[in-house]
Amino acid sequence: MKLEAENLTKAYHQHEVVNIDKVAFGAKGLEGLIGPNGAGKSTLMGLLTRRIAPTSGRIRLDVGSGSRELNPLKSHEVARIGLIKTNQRIQGFDSLTIRDSLRLAVTSPRSEGFMSIFAGERDPEDVEERVSRLIEAFPFTDRNGYARSGGEKKLVDILRCLIAEPRLLLMDEPTAGLPDDITRTVMDIVRQKVADGKMRVVVVEHDLPLIWEYCDYVHFLSEGSILFEGAPEEVKSNRVVAEKYMGV
Amino acid sequence: MLLIDAIFIGLLEASPLILAAMGFTLIFYLNGFMNIAYAESITFGAYFAVLFNVVLGAHFYLSIVPSMLLSGCLSVAVYLAIFRPALNRGVGPTEMIILSVGVSFMLRYGLILVVGPENLFLNEPNITYMQFMGLGASNLQLVALVLVFVGAGVLYWMIYNTGLGEQMRGLANNHDLAMASGINPHRTSVAIWFIAGCAGGLSGVFSGVFAQVTPYMGWNVILITMLVTIVAGIGSVRGAVIAAVVAGVLTAFITLVTKPLYSEVALLMAFIGVLTFRGARTA
Amino acid sequence: MDYLIFSFSLMLVYIGLAQLLHVQFGLLGIPNFGVVGFWGLGLYGTGVLYVSYDVPLVPAIIVASLIVAVVSYVLASMVLQRSGQAILAATLAFAAMVATLVVTEKQLTNGVQGLGTIGFPFGDLASRNVVYFGVLLAVVVALIWVSAKLRDSRMGRMMIAIRDNEELAASLGKDTAGTKRTVFVVTCALMGLLGGLTAPLHQFLVPYHLAPSLTFAVWIALVLGGKSHNLGAMIGVFATFGLFDILIETYAPVPAEQAIMLPNFKLFCYGVLLVMIIMFRPAGMLGEDRPRHRARADAAPANDTAVKEG
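Chains as they are written, first to last, in numbering that gives the first Met the number 0: chain U, 0 to 247; chain Y, 0 to 282; chain R, 0 to 309.
No wet-lab data here; the hints were simulated from the structure.
Check each hint, because a few of them may be wrong.
Straight-line C-alpha distance at most 25 Å; calculated SDA-like pairs for lysine to any residue [unchecked claim]:
hint, chain 1, residue 1, chain 2, residue 2
1, R, Lys265, Y, Asn118
2, R, Lys105, Y, Tyr128
3, U, Lys197, U, Thr8
4, R, Lys148, U, Pro108
A few chain Y residues facing chain R, derived, Cβ under 10 Å [as the list claims (entries may be wrong)]:
hint, residue
5, Arg88
6, Met95
7, Phe104
8, Met105
9, Leu106
10, Gly115
11, Pro124
12, Ile271
Ideal Cβ placement from N, Cα and C applies to all residues, glycine included.
Can you make the complete structure from the sequences, with help from the hints?
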C-alpha cells in the first residue's frame, strides 16, 4: 500500500501552495507529516484525498495488485480502494447514535443494498462486538446515545475511520480538540493496528512530542515542498527542520 | 424581423416578470430561502389596485402607487409575524419553503374567502394603439414598460450604489460580521422585505391590467420566477434581471415559431437543462 | 356508499404518495416538489394506453410505471446532485411540464375534453369497487411495511447518513449519488404506479387532476404528521384529507350556497395548520422518531469522566 504523488502542484492565483517533485506515503507503517503553519499541509491532504483538484501532477495509489490513478475517481471510489481521511473540522451524522455511526462505517457497501431491507438482523454479531469493544475504550457521556460535545464528535469521526480499517488512513490533526489521555488511547489503538498489519497511517500534526513518540517515519513539509524525510531521530536533529520549524 | 418582434414582445411580456424576479431574488439573497408566498405580494398588489381603481373609483394611474405601497406593507407584516420568528428559530431552507407554501395558501384562500373566487377587471385608461418602427403596442403597454424599467433601474441602483444595498449585501454574505460592523439587521431586513413587496405589487398591478385579476395570478408566475432566480445564480440581482429578460424574449420567440403552449414546455425544459450545469452542487 | 368508497380509495392513494415522499425526503433528504408529475404521468400513461391503444389495465399500469421510471432516471441524472433548492425547482418544473403536455397532446390525451372511460377490473363483479379498495389497501400497507423495514435496515441507515452529511458518507465509501438516484427512480416509479392505480377510480381523466395542489396536499400531510416518522405520512393524510375531504364534506351540515366555498376554506385551513406546525412543532404531530435497534446496546453505566472539548 503506497500513496505516491509526482510533480504535484497546486496554485491559487499564480501563488503556488504546493509543489512536490515526488513523495510516497504509507510505505513505512505509521508516518508523520509535519511543517510550520502555512506550509501547505491541509492543501496536500485535500489533494491526496481528491477533495481539491491539483493544478498539475499525478497521484497514484499502489494497492499491491497494481496502481490506480486517483484523479478520475469519485470520492466514494477512493474510499473503497482503501484510502480514508479523518476530518480536521467537526463532521458528523446528527441523527445517528455513536454506535450507529460506527456500525455504518464498518458495514461494507455491498451489504447495504435493497436486499438488506429484508434481512432479519440488521448487523451481524462480529460488527456489534467490534463496535462495543471500540466504544468501551473511551469515556463517552452516553455510549448508547449521541455524541454530545464537539470533542465527542471529533472522537467519533476518528473512531469511524479506525473501525473501517482502510488500507491507508490519513489523520488530519487528531489531537486538536481532544484531551491528552484520549489522544493517547487513540494513538495506542492506531499503533496496534499498524503493528498487526491492518493498515498504514499518516498523521498530520503540530504536536511534535506525539509525532516523535509514535511515528516510524516523518515527512517535513515547508513552503509547499517536502524538504526532508527520515526517521524521527534524523528529522529531529536535521538542521533545515530546526531552522524552518523549531526556530532554533 | 422575427427576432426583433420576439425581443419587443418578449420585453413587453417580461416586464412584470422582471420586477417579480428582482423582488423574489432580494429575499432569496437576504434570507437564503425561496419565498413562495411572494406570489401573494403579486396577487395582493393587483387586488389593492382593484380596491382603489374599481371600488373607490380612482384613476388607474393614480391607484398604482398606493397599491404598490400596501403590498410592501403586507410583505413586511408577513415577515415580522411569521418568517422572522421562524428564521430566528433556525428552521432549515427546505422547511422554510414549505412554511412559505403554507403562508401562501393562507393568504390566497383567505383572500378568496373574503372577496370570492371570481375574476375581476381593472378599469383600464383609454387605450390607443401606436405604431413604432412597424411594431404595434398600446399606450398602456408602453407606460408599463417604461415604469417597469424605471422601477427596475431604481432598484438596481439602490442595491449596487446605496448604503442600504451595501448593508444588505453585507448581511447576506456574512451575517455575524455585518452585525459586528454595526449594521442593524432588523431595519435592513424590514426595508428589503418592503421593497420586495412593492416590486411584487407593481408587477401584479400590471399583470392585472394586461389581463385580469385572479386569486391565482401570482401563483401562476411564481414557478417561472423561482427558476429565473435559481438559474441566475444564488441571489444575484444583476443575474435575475438578465435571466428574466432572456426568459421573456425566449418565450415570445418560441411562441412565434410554434404553438403557444409549447413555449412553456420548452422554457421549463431549458430551465432544467440550465440547472443541470448551474445549480450549486451538493457533494 | 359508492362515493364513500371512492373517497377512502383516494385517501389510500394519498397515504401511499405521502409514504413514498417520506422515503425520498424524510429518509434521504430529496425535496421532490413534483409528486403530481410522477403520479400524473402514471395516471395519464395508463389512461392513454388503455383507452387509445386497448392495452388491458394491468399491463397498462406496469408500462406506465416503467415510463415514469425512465423519465425520473433522466431527471435524476440531471439534477439530483445539485442543491436542494435546485432539485425542488426542477421537480416543480417537471410537474408543470407534464400538466402542460397533457393539455397540448390532444391526439393522445384528448386535452381538456378528458380521457375515458377507464373501468374497474374484475369485470362484472357487483362490488368491484370494494374489491379494488382492497387491492389499494394491500399496496399501501405493503408500502408502509417496506418503508418501516427500510428505515431500520442497513440501507436505511446509509440513507439517513447521506441525508445528514453527504460528503462525509461518500468519504466513508458510500455511493451517495448512486443510492440517491436508485431510490429516487424506484420511489418515483411507485408514485407512477399509484397514479396508474388511480385511473380506474377517476374513470374519466381531465388535466385538472394534474394541478399542483396534489403535490402540496401530500407535502402538507407529510409535514403535519412528521417527515421522519414512519407513520407520519398516514396520520397527516388522516388529519387533512380524512378530516376535510371525507368527514366535513360528507357529514358537516353546510348549506348548499356555502358548499362551493368549502374547498377554499379547506386549503385556507391547510395553510394555517402548516404554518402552526412548522412554527410550534417542527417535527410534526408525532414528534421526532428515531430508528429502533438501540435496545441491543449494553446497558453500561454512564461514565462521569466524559470526553470534554479540549
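Of the hints given before, which are not true for this structure? 2, 3, 11
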